[in-house]
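**Q** Sequence:
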Amino acid sequence: LPDGKLREAPSVAAALDALKALRELLRPHRQSGKGHIDPGLDAFTRIRMESMQSMLNFYTSPLSKTHGCWAASSLQAAISLGKGIYWSRQVRLLVRAFIADRTVLPLNPYGYWTTSMLVDEELNSEISLHLQELGKDITAHKLVEFLARPEVMQKHGISKKISIRTAERYLRELGFRWMHPKKGQYADGHERADVVAYRKDTFLPKWRKIRVRMDAWSKENLPFFGPDVPGKRVVVWFHDESIFYAHDRRRKTWYHKDAPAKPYAKGEGASCMIADFVSSKYGWLRSPDGTHSARV
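Sequential numbering of the sequence shown, starting at 34, is according to our numbering.
Keep in mind that the hints were calculated from the coordinates and are not lab data.
Take the hints with a grain of salt, since some may be wrong.
[Stated by the list, open to error] For lysine-lysine, the following DSS-like pairs were computed, each having C-alpha atoms within a straight-line distance of at most 30 Å: (1) Lys169 x Lys188; (2) Lys290 x Lys194; (3) Lys290 x Lys265; (4) Lys169 x Lys116; (5) Lys314 x Lys242; (6) Lys290 x Lys175; (7) Lys116 x Lys98; (8) Lys252 x Lys239; (9) Lys239 x Lys265.
[Stated by the list, open to error] What follows is a list of derived Cβ distance ranges for each label pair: (10) Lys285 x Pro260: 53 to 59 Å; (11) Cys102 x Pro293: 42 to 48 Å; (12) Thr172 x Val311: 40 to 46 Å; (13) Trp211 x Glu166: 32 to 38 Å; (14) Asp227 x Leu167: 17 to 23 Å; (15) Lys285 x Trp317: 32 to 38 Å; (16) Ala308 x Lys242: 25 to 31 Å; (17) Asp227 x Gln165: 52 to 58 Å; (18) Val268 x Ala308: 14 to 20 Å; (19) Pro293 x Arg56: 50 to 56 Å; (20) Thr235 x Leu167: 42 to 48 Å; (21) Ala292 x Asp227: 28 to 34 Å; (22) Lys98 x Ala292: 43 to 49 Å; (23) Lys285 x Lys98: 28 to 34 Å.
Glycine included, every Cβ here is placed at the ideal spot set by N, Cα and C.
Start from the sequences and build out the full structure, keeping to the hints where you can.
**A** The structure is reproduced here in structure tokens:
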């Protein structure tokens, strides 16, 4: 702004002239002079012009508590329509432009394929909140249904239902991707208090005692031969167990590209457990002749 000064609000007189012109656009008279005709406005344009009219009423009426107060009048107009601060800012811009030029009116961009509804910051926020409520059940079809709700269409001036392809494009614009969920650390009962206590107070002290008599390897993965210690060598057989669930973690849906990986638990449904014993010295546990194994 020139000289760093705040832009002055239009005069009440200029606002009154604009209000009269706006009323005529919203309720044009018949050529006969009796009654009014439908202005033929779409929902998007109408709700914004009505917001402009409401703001000018608050600004110019001596009975209004915000009479002569530019920003406060726009906020009152927004609140009366169930809107917020962002809407009040947009209405001020529209009214100021209309006062300067009566031909400048809100233009509905939704009829053009190159423009997204997401340019509406308030609608963008409502969609994001709705997607958060859906959680991992987000689908393009559910977004279509949300934007087709009568109250949503009326509030944001949406004139027609969007297609599935458009909903998918909106989801991508909002940062969502059609993919498998990111895998985090396996979540099980290993961190229960009793399990932690047993590991710390019983298992690890016992392990340290017998470790000196186990086979060891260097950082280069070569056999490490340390000093001989009294007693027999200890061969550790590790229990290896895997559980496979039918269709486990094969769910693919819309996930936000920046969503962190979450710990996952065991799946549901039919499962198959495979267990065996293995050691670094002998491999999988087998009978001496190799005909029997410990695998189940």
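**Q** Check each numbered hint from earlier against the structure, then list the numbers of those it violates in ascending order.
**A** Those not satisfied are hints 3, 13, 14, 17, 23.
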